[in-house]
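Q: Chains A and B, in that order, are what the protein sequence lines are. Note that the working numbering has the first sequence beginning at 1, numbered continuously upward. Note that the working numbering has the second sequence beginning at 1, numbered continuously upward.
Treat the hints with caution; some may be incorrect.
Said to hold, decoys possible - Derived SDA-like pairs (lysine to any residue); straight-line CA-CA distance at most 20 Å:
(1) A:Lys413 - B:His115
(2) B:Lys121 - A:Tyr403
(3) A:Lys400 - B:Lys121
(4) A:Lys287 - B:Leu52
(5) A:Lys413 - B:Gln147
(6) A:Lys400 - B:Ala54
(7) B:Lys84 - A:Leu497
(8) B:Lys20 - A:Gln402
(9) A:Lys413 - B:Lys140
(10) B:Lys165 - A:Gly410
(11) B:Lys107 - A:Lys49
(12) B:Lys140 - A:Tyr499
(13) A:Lys413 - B:Asp56
(14) A:Lys400 - B:Glu53
(15) B:Lys197 - A:Gly410
(16) B:Lys80 - A:Tyr403
(17) A:Lys419 - B:His115
(18) B:Lys84 - A:Gly401
(19) B:Lys118 - A:Tyr499
(20) A:Lys49 - A:Lys75
(21) A:Lys400 - B:Arg47
(22) B:Lys84 - A:Tyr407
(23) A:Lys413 - B:Ser79
(24) A:Lys496 - B:Gln147
(25) B:Lys107 - A:Lys75
Because the hints were derived from the structure by calculation, they are not lab data.
Given next are the chains, with one letter for each unit.
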Amino acid sequence: MNLKRLLLRYITSVLLIVYICTAMLTLCHADDRSFTVGFDAEFPPYGYKDESGEYVGFDLDLAEEVCARKGWILKKQPIDWNSKDMELKTGAIDCIWNGFTMNGREDKYTWSTPYIDNSQVVVVKKDSGIYDLSGLSGKIVAVQADSSALAALTGSDADEENIKLAQSFAELQQVGDYNSAFLNLESGAIDAICMDIGVANYEIKSRGNLFTMLDKHISSEEYGIGFLLGNTELRNEVQEVLFEMLGDGTFIRIAEKWGLESSICLSEEDSYIDNVTTENNQSFIEKLINISSQLAGGLGASLAIFLLTLLFSMPLGLLIASGRMSKFTPLRWIVKIYISIVRGTPLMLQLLVVFFGPYFVFGINTTSSYRFYAVIIGFTLNYAAYFAEIYRSGIQAVHKGQYEASYILGYTKRQRFFKIIFPQMVKNIIPSVTNEVITLVKDTSLAFAISYTEMFTLAKQVAAAETTIMPLFIAGVFYYIFNFIVAFIMEYIEKKLNYFR
Amino acid sequence: MNLLEISNIEKSFGDLRVLKDISISVNETEVISIIGPSGSGKSTLLRCMTMLEAIDGGSMNYCGEQAVTSKNGLPVYASKNQLKQIRRYFGLVFQNFNLFPHYSVIKNITDAPIHVQKRSKDEIYKEAKVLLKKMGLEDKANYYPYQLSGGQQQRIAIARALAMKPKMLFFDEPTSALDPELTAEILKVLRNLADEKMTMIIVTHEIEFARSISDRVIFMDGGVIVEEGKPADVIDNPKNERTKAFLKKMSV
Numbered sequence: 001m002n003l004k005r006l007l008l009r010y011i012t013s014v015l016l017i018v019y020i021c022t023a024m025l026t027l028c029h030a031d032d033r034s035f036t037v038g039f040d041a042e043f044p045p046y047g048y049k050d051e052s053g054e055y056v057g058f059d060l061d062l063a064e065e066v067c068a069r070k071g072w073i074l075k076k077q078p079i080d081w082n083s084k085d086m087e088l089k090t091g092a093i094d095c096i097w098n099g100f101t102m103n104g105r106e107d108k109y110t111w112s113t114p115y116i117d118n119s120q121v122v123v124v125k126k127d128s129g130i131y132d133l134s135g136l137s138g139k140i141v142a143v144q145a146d147s148s149a150l151a152a153l154t155g156s157d158a159d160e161e162n163i164k165l166a167q168s169f170a171e172l173q174q175v176g177d178y179n180s181a182f183l184n185l186e187s188g189a190i191d192a193i194c195m196d197i198g199v200a201n202y203e204i205k206s207r208g209n210l211f212t213m214l215d216k217h218i219s220s221e222e223y224g225i226g227f228l229l230g231n232t233e234l235r236n237e238v239q240e241v242l243f244e245m246l247g248d249g250t251f252i253r254i255a256e257k258w259g260l261e262s263s264i265c266l267s268e269e270d271s272y273i274d275n276v277t278t279e280n281n282q283s284f285i286e287k288l289i290n291i292s293s294q295l296a297g298g299l300g301a302s303l304a305i306f307l308l309t310l311l312f313s314m315p316l317g318l319l320i321a322s323g324r325m326s327k328f329t330p331l332r333w334i335v336k337i338y339i340s341i342v343r344g345t346p347l348m349l350q351l352l353v354v355f356f357g358p359y360f361v362f363g364i365n366t367t368s369s370y371r372f373y374a375v376i377i378g379f380t381l382n383y384a385a386y387f388a389e390i391y392r393s394g395i396q397a398v399h400k401g402q403y404e405a406s407y408i409l410g411y412t413k414r415q416r417f418f419k420i421i422f423p424q425m426v427k428n429i430i431p432s433v434t435n436e437v438i439t440l441v442k443d444t445s446l447a448f449a450i451s452y453t454e455m456f457t458l459a460k461q462v463a464a465a466e467t468t469i470m471p472l473f474i475a476g477v478f479y480y481i482f483n484f485i486v487a488f489i490m491e492y493i494e495k496k497l498n499y500f501r
Numbered sequence: 001m002n003l004l005e006i007s008n009i010e011k012s013f014g015d016l017r018v019l020k021d022i023s024i025s026v027n028e029t030e031v032i033s034i035i036g037p038s039g040s041g042k043s044t045l046l047r048c049m050t051m052l053e054a055i056d057g058g059s060m061n062y063c064g065e066q067a068v069t070s071k072n073g074l075p076v077y078a079s080k081n082q083l084k085q086i087r088r089y090f091g092l093v094f095q096n097f098n099l100f101p102h103y104s105v106i107k108n109i110t111d112a113p114i115h116v117q118k119r120s121k122d123e124i125y126k127e128a129k130v131l132l133k134k135m136g137l138e139d140k141a142n143y144y145p146y147q148l149s150g151g152q153q154q155r156i157a158i159a160r161a162l163a164m165k166p167k168m169l170f171f172d173e174p175t176s177a178l179d180p181e182l183t184a185e186i187l188k189v190l191r192n193l194a195d196e197k198m199t200m201i202i203v204t205h206e207i208e209f210a211r212s213i214s215d216r217v218i219f220m221d222g223g224v225i226v227e228e229g230k231p232a233d234v235i236d237n238p239k240n241e242r243t244k245a246f247l248k249k250m251s252v
């Protein structure tokens, strides 16, 4: 009776709370319109995380002012640059406002008028001995994936001079963000970075003048605010406020605050480029084949990581397991600490340490070919630790009587391990190893952390270039097939080992 | 000559003294049964004699070779190589058989003679066939242990021990893991071995069997040898009260 009443009261109050919350949320939506700005949080001075952890920058200040005047609530949404189109399409963000180059993208977005004139420049190390564009021949040059610099060098609208220039490079490397690009440049893994002049100025200044800019620019270009194609209504609202801010001097003041006053080009005389959606004539099947063949190139890289990691980490794991079970206490502790660190930190971080460690700890200049070795070393060190623990559990699961019987029969320690214990261990650990190997297939995608282009990185790049998420799905299918084969092989081995129990 | 001579064996697990001043000597061709209640120390004694456990005091001598000497009351084991040599003198049959599950019957029997003793393969295989026949399992050579009954597995384990040509065999409760109807087949094998003058030390719960097969019976309780002698004395006419109580319990 009492319980029933209590239950009833509980249900009533829950319903009441839910009702109030819903009502409040609806009210919020009705009263306060939000304006979500998507930006790359590693793109100073336009948008980045400052020392106090706040998202700040020229573009964000502008957005803030626009929102203040319109009575909107500004939401700053840092995005993965490769996913910007999907963010916009799904409505997760209202616009891309982030030193966003218009040139070459005119047809892809509904644009504001240009407000910053920006050029693409080349940054090199001060003592590099590279003084002009011809000095880049045979060098490794980095650009941000899907950036205007990349478009200026290899895009469909790139001029002939730039295409020739790009062909003279030893390699045109795509990196995820400028921070890692500069780490690469400093460590010698790359020779130059092509990037926007505003960002270049900021980076060179903030990095203690270790770097310098070549005098000749690759291209000049303009920044605008990108809205979803066709969303002219929102664009017009924002544009109107921008002109208002230009009129009363607020716009200039904000530009001065960020040292960009010489680059601004906002003018009421500019007219919008209002474009119509251009349909891609490629059929679905053609697109599918095109994307698949592009991804197949990355599959080789993923496969190489996978196979080499297994090849090295499985035997190394055995060595580590023996250290872990050693009777020599210091060794056992060292191995224990090693395993604990490897299991307790992200693989992505370990890859960064392996790649950048030699330069930043020992001052050894890294080369670009080291990138692949770093991937394999990082993966091997990580997976060996996991395998070691699996081996240990498999060894400890072997019955004590097996040791005693082989001792009585006079087997040496070596014979005992390899003839008696090892085969039984293998049978014990097959299910755990299968798990680990399948995880490895998917983990290969983490190689992007040090800009090694394997299948998933490629899928993200293709997705960004073609503004569709199809490549990601196709990559998913590839991973699934890959793992299906892995599972099939492991099952076969398991069956083969069923000859004993 | 004495095949085995152990004197004043001491063994403790922590504060618990499991073996107290045990001395036994075993003559060639002798069959000795060790009986006693659970926890009496008989299995620990067997594990010490087969060097699966290290002793805390006393000395051990196999076929005239000193495995453990006592120095100032502390046991000193011989060198690794000497011990390896000494281990060749005896074999051990476990309660749980401990066959190698990933080896076929024939490989279980032949692997150690080939790879440990480095004897010729042809010779070993011939001997193994004879041993299998003796165990009544000549048709099981290519089976794996899990395909055999407990009694069959134990017979293979005995064959594996015999293939090493030991001078004596230890048995650690060889029938305890078996159903009663399978016990008989193992006891028959042991009896045949006794008839062939194999020296054996058997830890067992089978009082009837101990009486009929043994030259000597040792009754242990509380880590000491309480009574020792011919079966007719120890089992049929026990003098000690503890022996009497144990035998009475076992016969019920």
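Q: Confirm or reject each hint.
A: Checked hints:
no.: 1; hint: A:Lys413 - B:His115; in the structure: 13 Å, holds
no.: 2; hint: B:Lys121 - A:Tyr403; in the structure: 24 Å, violated
no.: 3; hint: A:Lys400 - B:Lys121; in the structure: 29 Å, violated
no.: 4; hint: A:Lys287 - B:Leu52; in the structure: 70 Å, violated
no.: 5; hint: A:Lys413 - B:Gln147; in the structure: 29 Å, violated
no.: 6; hint: A:Lys400 - B:Ala54; in the structure: 16 Å, holds
no.: 7; hint: B:Lys84 - A:Leu497; in the structure: 33 Å, violated
no.: 8; hint: B:Lys20 - A:Gln402; in the structure: 29 Å, violated
no.: 9; hint: A:Lys413 - B:Lys140; in the structure: 30 Å, violated
no.: 10; hint: B:Lys165 - A:Gly410; in the structure: 13 Å, holds
no.: 11; hint: B:Lys107 - A:Lys49; in the structure: 69 Å, violated
no.: 12; hint: B:Lys140 - A:Tyr499; in the structure: 15 Å, holds
no.: 13; hint: A:Lys413 - B:Asp56; in the structure: 24 Å, violated
no.: 14; hint: A:Lys400 - B:Glu53; in the structure: 13 Å, holds
no.: 15; hint: B:Lys197 - A:Gly410; in the structure: 24 Å, violated
no.: 16; hint: B:Lys80 - A:Tyr403; in the structure: 17 Å, holds
no.: 17; hint: A:Lys419 - B:His115; in the structure: 10 Å, holds
no.: 18; hint: B:Lys84 - A:Gly401; in the structure: 19 Å, holds
no.: 19; hint: B:Lys118 - A:Tyr499; in the structure: 27 Å, violated
no.: 20; hint: A:Lys49 - A:Lys75; in the structure: 15 Å, holds
no.: 21; hint: A:Lys400 - B:Arg47; in the structure: 14 Å, holds
no.: 22; hint: B:Lys84 - A:Tyr407; in the structure: 10 Å, holds
no.: 23; hint: A:Lys413 - B:Ser79; in the structure: 16 Å, holds
no.: 24; hint: A:Lys496 - B:Gln147; in the structure: 17 Å, holds
no.: 25; hint: B:Lys107 - A:Lys75; in the structure: 73 Å, violated
Checked against the numbered hints listed earlier, the structure breaks hints 2, 3, 4, 5, 7, 8, 9, 11, 13, 15, 19, 25; every other hint is satisfied.
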